[in-house]
Amino acid sequence: MGPLAQTVTRLYGRRGWSVLAACAVILFALFPLANLAMPKGSLFYISDYTVALTGKIMCYAIVALAMDLIWGYTGILSLGHGLFFALGGYMMGMHLMRMIGREGQYQSELPDFMVFLNWKAYPWYWSFTEHFWYSALLVVLVPGLLAFVFGFFAFRSRIKGVYFSIITQALTFAFMLLFFRNDTGFGGNNGFTDFKRILGYHVATSQTRMALFMLTGAVLILTLLFARTIVASKFGRVLTAIRDAESRVMFSGYNPVHYKLAIWTASAVICGIAGALYVPQVGIINPSEMSPANSIEIAIWVAVGGRGSLVGAILGAGIVNFAKSWFTVAFPEYWLFFLGLLFILVTLYLPQGVVGAFDEIRRRIEERKLGQAVRGSAA
Amino acid sequence: MSAAQIRDGDAFGGGAAAGGRVLTPGVDVSHKTILYLEDISVSFDGFKALNQLSLDIDNGELRCIIGPNGAGKTTMMDVITGKTRPDSGTVFFGQTIDLAKLTEAEIAHAGIGRKFQKPTVFEQHSVFENLELAMKTDKRVRFSLTARLDSAQRDRIAETLSLIHLAGAADRPAGLLSHGQKQWLEIGMLLMQEPRVLLLDEPVAGMTDEETERTGELCKTLAGKHSVIVVEHDMDFVAGIARKVTVLHEGSVLAEGSMDEVQNDARVIEVYLGR
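Respectively, the protein sequence lines represent chains A and B.
Counting in the working numbering, the first sequence runs from 1 upward without gaps.
Counting in the working numbering, the second sequence runs from 1 upward without gaps.
Quick caveat, the hints were computed from the structure, so don't treat them as lab data.
Treat each hint with caution, since some may be false.
[Claimed, not checked] Some chain A residues well away from chain B (every beta-carbon gap over 12 angstroms; in silico): (1) P39; (2) P123; (3) E130; (4) F153; (5) D359; (6) R363; (7) I365; (8) R375; (9) G376.
[As the list claims (entries may be wrong)] Stretch-level coverage of chain B by chain A, calculated; a stretch enters the list once three of its residues show a Cβ under 8 angstroms from a Cβ in chain A: (10) 94–105; (11) 113–119; (12) 122–136; (13) 144–152.
Glycine included, C-beta positions come from ideal geometry on N, C-alpha and C.
The shape of chain A in the complex, shown without the other chains (with noise of 0.2 angstroms):
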C-alpha cells in the first residue's frame, strides 16, 4: 500500500468514506439542483431560506468540530471561541464593507457609519483590506494571533479547568465591549451589514449563494477530515493524554505546554474561517456574536452531539440549530429555557452525547443477539 492509501485507510473506514460521499453528493449535486434548477412549486425545489439555514449551520459544525477538538479531545474547555468566529467574520466583513464602494446611504468612499462619526479617512488598521487575499489572511492570522499569545501566558501559567474557562469568557467578554464602541472603528454595535459584493459577484443572487454554501460545505469536509487526521495520529493521542492525565504526559517528557498551544491556535484559526463564510451567508456581523452566551452554546452543541467524537460535533451543532430555527419562530420567548433543559438533560441522561446513545443501543442490541445465540445452541 502506498502512503496515501495508507492515510486514507486510517482516517476512515470504506462505511465511513461511503457516508462522505454520500454527504458530499448530496451537498455539491443535489442541493444546487434542487435550488437553482428546479422551478419554485416543484416538490424537489429546495428554497433559498434553507439554502442558507443550512449554510449557516455547516458554519455553526466547523466551529463545532474546533471546539471538540480542544475541549473533547484535549478536556479544555474553552467559554470564548465565539470571539475567534467573531473575529474571522469581521475580518472578512471590513473587505465586504470596502467592496460596497460608493453605493452606500452616503455615497462616500467611506462606509457609512465613519460618516456618520465625521471620520475622514480609514484607520490605519483598514488598510490594504481592499485586497481579498490580504483579508482572507486576515482571517486567520487575527485568530489564530491572538489565541497563540492568550494560550502562551494562560498554558504556561498552567491555569487549568474552571479557572481557564471563566477567563475565556472573560475575554470574550471585554471584547465585545470593545467592539460596541463607535471609536473602535468596527461599527459599533451595528457592525457590518448591507454588503454588495464579493469577488465581484452581487452576495444576494441565488448563484452566490450558492457558491458560498458550496464552499462551506467543502471547508466543513476538509475540516472534519483535518481533524480526523490530528486525532488520529500520535499528536492526538498526545492530547488525549493530556486530558486523563496531564501530570504522567510530563513525566514521559512531554512538554504540555506546546501541545496545548498548538491544538488551540489551531482550533482558533478553524472558527475564524467558520466566521468568514458565515458574515457573506448571512449578511451582518456584530457585537453580540461575541457575548459569552453564544461562547457557551458552543459547548452545548457539542455536548448534545457527544464530546470527544466528530460525527457528534457536527450532528451537535445541527440538531441544536435546526431545533433553534423551529423553536424561534414557534415559541420565541421559550427558546433559552427550552436550550438551559436540553443542556440539563443531555448532562444528565447522555453523558456521551447523541452519539454515545446510539452505541450504546447498537452495544445492547449486540448482547441481546449474542444472548439468543448462545441460549439457541444451548437448546
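Knowing the structure of chain A, use the given hints to seat chain B on it.
Frame of chain A, contents of chain B only:
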C-alpha cells in the same frame, strides 16, 4: 570534557525551553554517583517537608527509602523530578546536570523516570498505546504529528509487554486493568523511556502476594542497568529486595545501611519500626 558535552551542559544549565527534545546529555557518572542531593530544604507554609536533606545514589544501585508518614519521601521525589523547587540546597544528576533548573519534561528526557504512588496511566488508551506514548523518542509537537512506529520500535514495545506480563492485554484500554496490572503498566512505561534512574513510589501498594513477589524480582533485575530508588511502606517487600536502606525522618536522613543495620538502630526503632 569535549565541546559537544559543554554545549549540552549549557543547554541544560540554561533551562531553555527544550521540552520534548531528545538531548543526549551524557550523564557524567565518572564519580560513580548518579544523583546528588545536598542540604535540600523545602517548606510549605512554615512546615519543613525537607530539612537539609543530603543523599547520594550510586550508578546502578538499588536503594530503598523508608520512613513514617510525613518524613518527606514524596517531597524528595518531587524535588528530583522538578515538580517542587527546593528553597535551598543543590540537586545534581551526574556531575553536570543541575535538576533545579530543568522542567519536569526536561528531567524526564534527561533520564529520570517516576512512578506515582497512585498508578497513573492513560486510561482511555490501550496498553500498547500507553507504552508507545512513553517510548523514548523525539517528543516535540512536529515530530508527534507525523510519527509512525517502525519495526524496531514495535519489537521494543512487545518486549516490554512480555516483561510486565501484559502481552495478552495489549489492545485492552488501560482503564480496565486491575490495580496491580496498572502498577506494572506504569513501570513498563518508565522502562520505555530508557531512564538512568527509576523512582518508584510504593510500587507494590494494592498488589497480591504473587504480584508483589514478581515486582521484587523485577526491581532486582532492573538494578545494575538502571539505578532504582524504591519508596515503600511494605517492610517484607523492602527486606526482600534491599541492599542499602535509607530511613527518612522529619525531612532528613535518620539512618543508612543494610536492612539489618537500620533495623537494629536505636533511633530508627524509636521513631518508626518500634511503633
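**Request:** Against the structure, test the hints numbered earlier, and report the numbers of the ones violated in rising order.
**Result:** The structure breaks none of the hints.
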